[in-house]
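Student: Take a look at the letters that make up each chain.
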Amino acid sequence: MTDTTGAGPEPAGGGTVLEVTGLHRAFGSVQAVHDVSFSLARGGSLGIVGESGSGKTTTARIVVGLERADAGRVMVCGRDRSGQPGRGRTQRLERAREVQMVFQDPFLSLDPRVSVGNVLREALRLHFPETRVDHARRVGELLDQVGLGSREAAALPRQLSGGQRQRVAIARALAVKPAVLVLDEAVAALDVSVQAQILNLLADIRRDTGIGYLFITHDLGVVRCVTDDVVVMRHGRVVEAGPTADVLADPRHAYTRLLLDSVPRPGWNPKHIAAARRAL
Amino acid sequence: MTTPAETTLDMRGLRLHLPGAARPVLAGIDLTVAERETVALVGESGSGKSLTSRSVLRLLPPGATTEGVIAVQGEDVLAMNAKRLRHLRTHTAAMIFQDPRAAINPLRRVGDFLTESLRLNADLSDDTAAERAARMLDAVGLGERVLGQYPGQLSGGMLQRVMIASALMGDPALILADEPTTALDVTTQAEVVGLLDDLRERFGTGLLFVTHDLGLAAAISDRVYVMYAGRIAETGPAQAMFERPRHPYTAALLRSTPRLATPQGRLAAIKGQPPSLREELTGCPFAARCAFTTPVCTEELPPHVPVRSEPTRLVACHHSDELADQLAESALHD
Chain R
1 MTDTTGAGPE PAGGGTVLEV TGLHRAFGSV QAVHDVSFSL ARGGSLGIVG
51 ESGSGKTTTA RIVVGLERAD AGRVMVCGRD RSGQPGRGRT QRLERAREVQ
101 MVFQDPFLSL DPRVSVGNVL REALRLHFPE TRVDHARRVG ELLDQVGLGS
151 REAAALPRQL SGGQRQRVAI ARALAVKPAV LVLDEAVAAL DVSVQAQILN
201 LLADIRRDTG IGYLFITHDL GVVRCVTDDV VVMRHGRVVE AGPTADVLAD
251 PRHAYTRLLL DSVPRPGWNP KHIAAARRAL
Chain X
1 MTTPAETTLD MRGLRLHLPG AARPVLAGID LTVAERETVA LVGESGSGKS
51 LTSRSVLRLL PPGATTEGVI AVQGEDVLAM NAKRLRHLRT HTAAMIFQDP
101 RAAINPLRRV GDFLTESLRL NADLSDDTAA ERAARMLDAV GLGERVLGQY
151 PGQLSGGMLQ RVMIASALMG DPALILADEP TTALDVTTQA EVVGLLDDLR
201 ERFGTGLLFV THDLGLAAAI SDRVYVMYAG RIAETGPAQA MFERPRHPYT
251 AALLRSTPRL ATPQGRLAAI KGQPPSLREE LTGCPFAARC AFTTPVCTEE
301 LPPHVPVRSE PTRLVACHHS DELADQLAES ALHD
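Taken in order, these protein sequences are the chains called R and X. Take the first sequence: its letter number 140 is residue 140 in full-length UniProt numbering, and every next letter is one higher. Take the second sequence: its letter number 119 is residue 119 in full-length UniProt numbering, and every next letter is one higher.
Among the clues, some could well be false.
[Stated by the list, open to error] Computed cross-link-like contacts, SDA-like style, restricted to lysine to any residue with a CA-CA straight-line distance of at most 20 Å:
hint, chain 1, residue 1, chain 2, residue 2
1, X, LYS271, R, GLN145
2, R, LYS271, X, TYR150
3, X, LYS83, X, ALA71
4, X, LYS83, R, LEU201
5, R, LYS271, X, ASP197
6, X, LYS83, X, ASP138
7, X, LYS271, R, LYS271
8, R, LYS271, X, ARG145
9, R, LYS271, X, GLY215
10, R, LYS271, X, GLY141
[What the hints assert, rightly or not] Covered stretches of chain X, as calculated for chain R (at least 3 residues, CB under 8 Å):
hint, segment
11, 95 to 108
12, 160 to 174
13, 259 to 265
Hints listed in this document are in silico derivations from the structure and should not be mistaken for laboratory results. The beta carbon of each residue, even a glycine, is placed where N, CA and C say it ideally should be.
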């Protein structure tokens with residue numbers, strides 16, 4: 001575990017790191033996720049686009065293991081994750097190393113009393129207890145990878161800006177060298193100029209490490225910028241899927257067209273969109 | 001457009017100091033909104049855009065001190081007594097906030113919420129107020145049934161319409177909308193923005209729309225103000241400004257926004273972060289992050305000067321003229 005750019009566990013099954021087949025999940029009478037399937041190529045970036053209630057976040061949480069599916073299968077690196085999760089600590093840690101998640105608000109996902117350096121050290125100590133001697137160096141590497149310095153390492157989350165906190169969350173996720181990083185609206189709360197910095201950082205990390213991204217977002221501009229393929233979800237179902245450039249340039253489903261038309265731009269006509277929405 | 005029939009809001013030289021800050025949070029804001037006009041106020045967090053809009057209702061943070069004039073229909077808000085201020089907030093200017101759920105009491109019915117201000121401040125009978133509430137709900141596309149419902153029974157989009165209806169209750173001359181669609185889905189956003197636009201036309205209301213979304217500002221407004229670190233960096237008609245930005249900050253914001261037309265790859269991010277309130281600023285507030293900084297930028301504060309041959313545009317940049325062509329490359333194309 002000394003290389004800094006490794007992509008984590010070797011995928012057993014060829015070019016696909018994540019394969020999701022026929023996921024179902026109901027909350028009471030609401031079918032939140034209905035027959036959702038997609039796959040993420042090794043080192044690829046897949047966007048899931050949809051509005052609130054589309055099931056995109058539930059899907060992401062099932063992939064990570066924070067939510068269970070009623071039916072369907074999630075394969076990561078050729079291993080099935082969808083069965084009963086193991087109760088043992090070793091098994092749970094193993095699962096955590098395959099897929100990591102970055103949330104929208106890093107302030108809520110970081111302990112306010114733990115310094116940035118200790119956040120990373122904690123993650124390393126938990127997952128790689130046998131290589132403790134290397135941890136100090138690895139913390140430095142991780143901070144460097146996300147563009148933070150030693151000053152930030154000593155800081156508490158509240159002493160950092162929103163963009164810096166999101167960098168910490170990304171570094172913590174990268175610490176265990178996951179094969180897949182799930183980003184749930186990870187740049188949605190950031191200002192435009194900071195969002196651009198984080199999107200660039202994510203592009204660099206993917207290029208350097210070959211990690212795969214599952215990018216959950218409502219922002220089509222962001223999807224265009226950071227994903228190779230895209231899945232459009234509505235009311236729990238996949239309504240359209242394909243290479244991002246093709247789907248955005250030539251949408252086939254009326255809902256995808258509506259989403260595209262809804263992006264404000266000069267000459268935009270909100271009344272047409274409202275009418276199209278009601279017609280759908 | 002920019003030939004104001006009557007100036008609904010006329011803010012002149014607004015400065016706002018907060019205890020503990022090394023520099024004014026608002027450092028001389030000049031801003032106007034005319035009758036029926038939509039004006040967008042664009043900026044990132046900490047730029048002072050929300051403070052600017054909230055100060056119109058004198059909703060100031062504790063300990064804040066102000067200088068300057070905020071005239072709403074000719075009367076200075078900063079000089080009003082309590083009674084006039086209540087009248088302003090009930091009848092003249094209304095505010096719509098980003099998160100409707102945080103701005104409404106979840107334990108009271110929508111009808112109570114809508115009529116409260118009029119019943120308390122305008123001596124209207126309950127029946128008259130309820131009738132007006134029903135009319136306003138109808139104007140925002142909601143049925144009378146909503147009057148008896150609780151906030152928790154409504155979706156975010158419906159609740160934001162309730163907030164708009166509540167803003168219209170006092171028949172205001174000015175609506176201040178602070179990121180009113182940021183918490184909504186894109187298709188719902190279109191609906192709410194279309195609605196605001198309709199109502200502005202119908203009731204002759206002036207609209208100050210605070211947003212961080214340049215695309216949205218370009219799509220809906222007649223004029224735009226771009227704010228940075230408590231100052232106006234650039235202002236002018238929306239179309240001209242987004243086609244030919246004249247301030248490096250406006251151009252950089254446009255370039256760093258991921259758009260449908262930009263291919264996959266790296267964005268032109270703006271380096272660094274906005275200046276903290278603990279730092280004093282000399283010279284141009286954007287100098288530390290600007291790609292075109294020269295010594296004069298860090299030494300002298302750039303004044304607001306009209307753009308050559310475009311007298312309705314003002315820009316605060318020492319190098320605006322020489323950079324015009326370079327900056328135009330960041331234009332917001334369809």
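Student: Take the hints in turn and mark each one as holding or not.
Tutor: Status of the hints after comparison with the structure:
Between LYS271 (chain X) and GLN145 (chain R), the direct Cα distance comes to roughly 17 Å. Compliance with the 20 Å bound is thereby established for this hinted pair. A C-alpha spacing of about 28 Å is found between LYS271 (chain R) and TYR150 (chain X), which places the hinted pair above 20 Å, so the restraint is violated. For the hint linking LYS83 (chain X) to ALA71 (chain X), the alpha-carbon distance of about 16 Å falls within 20 Å, and the restraint holds. Under the criterion of a C-alpha separation no larger than 20 Å, the hint pairing LYS83 (chain X) with LEU201 (chain R) is inconsistent with the structure, at around 53 Å.
At roughly 10 Å between alpha-carbon atoms, LYS271 (chain R) and ASP197 (chain X) fall within 20 Å of each other, so this suggested pair holds. Between LYS83 (chain X) and ASP138 (chain X), the direct Cα distance comes to roughly 31 Å. Violation of the 20 Å bound is thereby established for this hinted pair. For the hint linking LYS271 (chain X) to LYS271 (chain R), the alpha-carbon distance of about 38 Å lies beyond 20 Å, and the restraint is violated. The hinted pair formed by LYS271 (chain R) and ARG145 (chain X) fails the criterion: a straight-line CA distance of about 24 Å is larger than 20 Å.
In summary, the hint linking LYS271 (chain R) to GLY215 (chain X) is supported, as the alpha carbons are separated by about 17 Å, within the 20 Å threshold. Simply put, LYS271 (chain R) and GLY141 (chain X) have alpha-carbon atoms about 13 Å apart, close enough for the 20 Å limit, and the pair holds. Proximity of the segment 95 to 108 of chain X to chain R, defined as three or more residues with a beta carbon under 8 Å from a beta carbon of that chain, is not established by the 0 residues found. Residues of the segment 160 to 174 of chain X with a Cβ under 8 Å from some Cβ of chain R number 0, which does not satisfy the need for three, so the listed coverage is violated.
Beta-carbon proximity to chain R at under 8 Å applies to 6 residues in the segment 259 to 265 of chain X; the threshold of 3 is reached and the given coverage holds.
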